[in-house]
Amino acid sequence: MKNFAYYTAESVPAAARALAGMKNAVAKGGGTDLLALLKDRVLEPDEVVSLKGAKIDAKVAGVIAATTTLAELAADPWIKKHAPAVHVAADEAATPQIRNVATVGGNLCQSTRCWYYRNKNFACSKRGDDACAALTARSQHRYHAVFPHVACASAHASNLAPALIAVAATVHCVHPDGDRALDAGLLYQDPAKGRVQDTILRPGELIERITVPDSPLARRSTYVEFRERESFDFSAVSVAAAVHIDGGKVIDARIVLGAVAPKPLRATAAEQALVGQPLNAATIEKAAAAAFADARPLSDNKYKVVIGRRLVMRALAGLKEMR
Amino acid sequence: MADDKIRVSRRDILRGAGAAAILGTALPASAKEAAAKAPAGLTRHGPGAVPVSIGLNGKAAKVMVEPRVTLLDALRDRLDLTGAKRICDRGACGGCTVWVNGKTVNSCTMLAIDAAGADVRTVEGLAQNGKLHAVQAAFVEHDALQCGFCTSGMVMSCAALLKNNPKPTLDEIKAGIAGNLCRCGTYGHIFNAVQEASR
Ligand SMILES: Cc1cc2nc3c(=O)[nH]c(=O)nc-3n(C[C@H](O)[C@H](O)[C@H](O)COP(=O)(O)OP(=O)(O)OC[C@H]3O[C@@H](n4cnc5c(N)ncnc54)[C@H](O)[C@@H]3O)c2cc1C
Ligand code: SF4
Ligand code: FES
Ligand code: FES
Numbered sequence: 001m002k003n004f005a006y007y008t009a010e011s012v013p014a015a016a017r018a019l020a021g022m023k024n025a026v027a028k029g030g031g032t033d034l035l036a037l038l039k040d041r042v043l044e045p046d047e048v049v050s051l052k053g054a055k056i057d058a059k060v061a062g063v064i065a066a067t068t069t070l071a072e073l074a075a076d077p078w079i080k081k082h083a084p085a086v087h088v089a090a091d092e093a094a095t096p097q098i099r100n101v102a103t104v105g106g107n108l109c110q111s112t113r114c115w116y117y118r119n120k121n122f123a124c125s126k127r128g129d130d131a132c133a134a135l136t137a138r139s140q141h142r143y144h145a146v147f148p149h150v151a152c153a154s155a156h157a158s159n160l161a162p163a164l165i166a167v168a169a170t171v172h173c174v175h176p177d178g179d180r181a182l183d184a185g186l187l188y189q190d191p192a193k194g195r196v197q198d199t200i201l202r203p204g205e206l207i208e209r210i211t212v213p214d215s216p217l218a219r220r221s222t223y224v225e226f227r228e229r230e231s232f233d234f235s236a237v238s239v240a241a242a243v244h245i246d247g248g249k250v251i252d253a254r255i256v257l258g259a260v261a262p263k264p265l266r267a268t269a270a271e272q273a274l275v276g277q278p279l280n281a282a283t284i285e286k287a288a289a290a291a292f293a294d295a296r297p298l299s300d301n302k303y304k305v306v307i308g309r310r311l312v313m314r315a316l317a318g319l320k321e322m323r
Numbered sequence: 001m002a003d004d005k006i007r008v009s010r011r012d013i014l015r016g017a018g019a020a021a022i023l024g025t026a027l028p029a030s031a032k033e034a035a036a037k038a039p040a041g042l043t044r045h046g047p048g049a050v051p052v053s054i055g056l057n058g059k060a061a062k063v064m065v066e067p068r069v070t071l072l073d074a075l076r077d078r079l080d081l082t083g084a085k086r087i088c089d090r091g092a093c094g095g096c097t098v099w100v101n102g103k104t105v106n107s108c109t110m111l112a113i114d115a116a117g118a119d120v121r122t123v124e125g126l127a128q129n130g131k132l133h134a135v136q137a138a139f140v141e142h143d144a145l146q147c148g149f150c151t152s153g154m155v156m157s158c159a160a161l162l163k164n165n166p167k168p169t170l171d172e173i174k175a176g177i178a179g180n181l182c183r184c185g186t187y188g189h190i191f192n193a194v195q196e197a198s199r
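In order, the protein sequences belong to chains A and B. For the record, in the first sequence the residue sitting at position 4 is 4 according to my numbering, with numbers rising by one throughout. For the record, in the second sequence the residue sitting at position 64 is 64 according to my numbering, with numbers rising by one throughout.
Just chain A, same shape as in the assembly (with noise of 0.2 Å):
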């Protein structure tokens, strides 16, 4: 790992101030992605900003302090009652020692897992490469994208991201050039050629807080994932639903996927497929087909529809159940 300056800030606009004049410069959550990046020398920064113990003022229910550690997220009984997706998604990440240590801020801008991108022996066009390793005949990409855009093929790495898209919680963001308020499903961007970062977030910018609404859809809402193994594993597929029913028909629906392309995913028109009808077993396999119509699987991970589908099916099958 290359040596760098750090430094611990007292406020989060004071670390967005900080980054927005240095030159090489990185935040740091709890650092549990940004240490393997640093000693693989995928980023060789000169400076690292730490935000841990930067105050931020959270106290009111539903709003996440970026340090909020995935373990706390998962122990707060405000969102398991509001947002159920959260819930699941910040218990289910990693491990325990993990969610003890990463930030929630941390987990939304955190890196892809390709190991192409992870590994500068390999071309990546996210890297700023001409080609990108996961597309050769003879490369490994059982996890990657199932949606493929043209530059990276990537698979989106958070578990919270989907969950919170879901719940249509909004990121604060915030920057010397003026702070501001996004829908979550809004944060992210496709891949572009020698662009590392897969948030729309401008040099220095950062999260600040995450607000959850307590609204119908956020309390009718599930997170399911496939893993290879029950601990450990990033999910190889995860679906993020919630629904609003009124009057026995669906008013409003988000289903997001994670994992199947280089941004979480909106199933915009598995969401269409469901409003103004009733949820139930007809209108699911309708929602799960929609989902994955547009699916363009990579020869070695066809497995990512099939299970995704049924993902789909089993979120809105909970959320039927659910009151």
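Hints are computed from structural coordinates only; laboratory data are not their basis. No experiment lies behind these values; they were computed from the predicted model shown. Heads up, some of the hints might be wrong.
Just some of the chain A residues that point at chain B, by a computed CB distance under 10 Å [to be verified]:
#1 Tyr-6
#2 Glu-47
#3 Trp-78
#4 Ala-94
#5 Arg-195
Simulated crosslink set (DSBU-like; lysine-lysine; CA at most 30 Å straight-line) [said to hold, decoys possible]:
#6 A:Lys-80 / B:Lys-103
#7 A:Lys-59 / B:Lys-163
#8 B:Lys-167 / A:Lys-2
#9 A:Lys-80 / B:Lys-131
#10 B:Lys-37 / A:Lys-52
#11 A:Lys-81 / B:Lys-37
Simulated coverage check for chain B against chain A, where a stretch passes if three residues somewhere in it have a Cβ under 8 Å from a Cβ of chain A [what the hints assert, rightly or not]:
#12 52–64
#13 67–80
#14 109–122
#15 164–172
We treat Cβ as the ideally placed atom computed from N, Cα and C, and that holds for glycine.
Please build the complex by placing chain B with the ligands on the supplied structure of chain A, with the hints as guidance.
Using the frame of chain A, we list chain B with the ligands on its own:
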């Protein structure tokens, strides 16, 4: 990291030999860095070695480390506590598990400087007054190890579990140690040992 250790001691030797003049600086690196102005609201540490004070197994400890040094490397290479093991160095096995402020963490995946001011407990600090912790005694009793490489991390996770949940069910035991891998597959004996220790 062995190479970090060598690098630091070499620098110290250079400094001792009056190498400051050769390096074109009259100040030791750390003093010069501290004088570099940090942006408003930030405090700067390093990049040279900085003092990190922690509570270690109940006693105050201080170690000089560069900001990049992990808690695991500080424990093993500077503080002579080799109980926590360096296996994957990526948070993916649990062999390096220690407690920071009473919570289990992968010490390989945390910077030592992030533990500044915290209470760190390693497997060496689990036995009290020469008496093994109930989990350690139960591991011996139930032959809950084979090669033993995962054991110190396992023991720290099991002891943390019982601290928070003195009477765990089998499923709770499995969830509690879900961050520790055993390549020898001694899980069954470990579950028995934890159940015994919880009685
Ligand atoms: C063995 C293992 C298994 C895992 N399994 C899962 C899993 O199943 N599901 C899952 O979701 N994750 C999983 N993870 C990933 C883990 O959840 C992330 O590493 C963690 O959440 C990152 O949080 P952090 O605070 O440690 O971030 P850091 O490592 O500190 O930072 C990660 C990135 O986020 C940026 N960042 C941090 N905070 C902010 C902020 N407030 N604003 C803007 N940018 C910020 C940093 O600059 C950096 O680029 C796993 C990790 C490991 C090691
Ligand atoms: S899939 Fe994306 S991250 Fe992986 S090698 Fe290709 S361009 Fe890089
Ligand atoms: S060595 Fe730290 S988790 Fe494997
Ligand atoms: S006893 Fe050998 S790895 Fe667990």
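Going through the hints against the structure:
1. Hint on A:Tyr-6 holds. Least Cβ distance to chain B is approximately 3 Å, under the 10 Å limit.
2. For A:Glu-47, the shortest C-beta to C-beta distance to chain B is roughly 9 Å, which falls under 10 Å, so the interface hint holds.
3. Look at A:Trp-78: its Cβ only gets to about 21 Å from chain B, farther than 10 Å, so that hint breaks.
4. Here the hint on A:Ala-94 is kept, as its CB sits about 8 Å from the closest CB of chain B, short of 10 Å.
5. The restraint placing A:Arg-195 at the interface with chain B is violated, with a minimum CB-CB distance near 24 Å, outside the 10 Å limit.
6. For the hint pairing A:Lys-80 with B:Lys-103, the CA-to-CA distance comes to about 22 Å; that is within 30 Å, so the pair holds.
7. For the hint pairing A:Lys-59 with B:Lys-163, the CA-to-CA distance comes to about 28 Å; that is within 30 Å, so the pair holds.
8. For the proposed pair B:Lys-167 and A:Lys-2, the alpha carbon gap of about 45 Å is over 30 Å, so the pair is violated.
9. A threshold of 30 Å between alpha carbons decides the hint, and for A:Lys-80 with B:Lys-131 the separation of about 41 Å lies outside it, so the pair is violated.
10. At most 30 Å may separate the alpha-carbon atoms for a hinted pair to count; B:Lys-37 and A:Lys-52 meet this at roughly 21 Å.
11. Taking the CA atoms of A:Lys-81 and B:Lys-37, the gap is about 47 Å. The hint is violated against a cut of 30 Å.
12. Judged by the Cβ-Cβ criterion of 8 Å, the region 52–64 of chain B is not covered by chain A as claimed, because only 0 of its residues qualify and three are needed.
13. Figure legend: the region 67–80 of chain B, annotated as covered by chain A; annotation consistent (3 residues with Cβ-Cβ distances under 8 Å, at least 3 required).
14. Counting residues of the region 109–122 of chain B whose beta carbon lies closer than 8 Å to any beta carbon of chain A gives 5, which reaches the threshold of three, so the coverage claim holds.
15. Coverage of the region 164–172 of chain B by chain A is violated [criterion: at least 3 residues with CB-CB distance below 8 Å; count 0].
Going down the numbered hints, you'll see the structure goes against 3, 5, 8, 9, 11, 12, 15, while the others check out.
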